[in-house]
Amino acid sequence: PGGLVDKEVGDAHVIEWVRNRSAQAMITASVCTGAFILAKAGLLEGRTATTHWEDIANLQAQFGNVLVRGGVRWVDDGTIVTSAGIAAGIDMSLHLVSRIAGRELAIATARQMEVPYSDA
Numbered sequence: 005p006g007g008l009v010d011k012e013v014g015d016a017h018v019i020e021w022v023r024n025r026s027a028q029a030m031i032t033a034s035v036c037t038g039a040f041i042l043a044k045a046g047l048l049e050g051r052t053a054t055t056h057w058e059d060i061a062n063l064q065a066q067f068g069n070v071l072v073r074g075g076v077r078w079v080d081d082g083t084i085v086t087s088a089g090i091a092a093g094i095d096m097s098l099h100l101v102s103r104i105a106g107r108e109l110a111i112a113t114a115r116q117m118e119v120p121y122s123d124a
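So our numbering is basically just the index in the sequence shown, starting at one, shifted up by 4.
Hint data in this document are derived by calculation from the structure and do not stem from the laboratory.
Just so you know, even glycine gets a beta-carbon here, dropped at the ideal spot from N, CA and C.
Be aware that a few hints might be false.
Unchecked claim - Simulated restraints, written as ranges between beta carbons of each label pair:
1. Asp10 x Asn69: 19 to 29 angstroms
2. Glu108 x Asn62: 35 to 45 angstroms
3. Met30 x Glu108: 19 to 29 angstroms
4. Ser122 x Ile31: 13 to 23 angstroms
5. Leu109 x His17: 17 to 27 angstroms
6. His17 x Ser122: 30 to 40 angstroms
7. Glu49 x Asp10: 29 to 39 angstroms
8. Ala112 x Asn62: 30 to 40 angstroms
9. Thr52 x Asp123: 31 to 41 angstroms
10. Gln116 x Gly14: 20 to 30 angstroms
11. Gly82 x Arg107: 15 to 25 angstroms
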């Protein structure tokens, strides 16, 4: 999710569900302020992550055990991948296509979506 996530961050059932699904997943990804949910679930502990530029300081203040990077579209920290704002989620998604299925498919997907593709 993105946008306001205060309700979800405060919901123990949501946090536990995310934690359990992540344990079964090859990759867990979040868009925008969804990073707060991952952090609350303990999934970002000791990892590098990003979120929307307006929320960088809040994420760092609330979860000091997360290395929060600003000024990037997405961060790939192995099994956890986070993006900045909503549009950056498209870039992150294309990165995931490239990582999982190859660069050629990511380029073709971007072309089909009519968005630019960048490896960075």
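Please flag the earlier hints that this structure goes against, numbers listed from lowest up. Of the numbered hints, 5, 7, 9, 10 do not hold.
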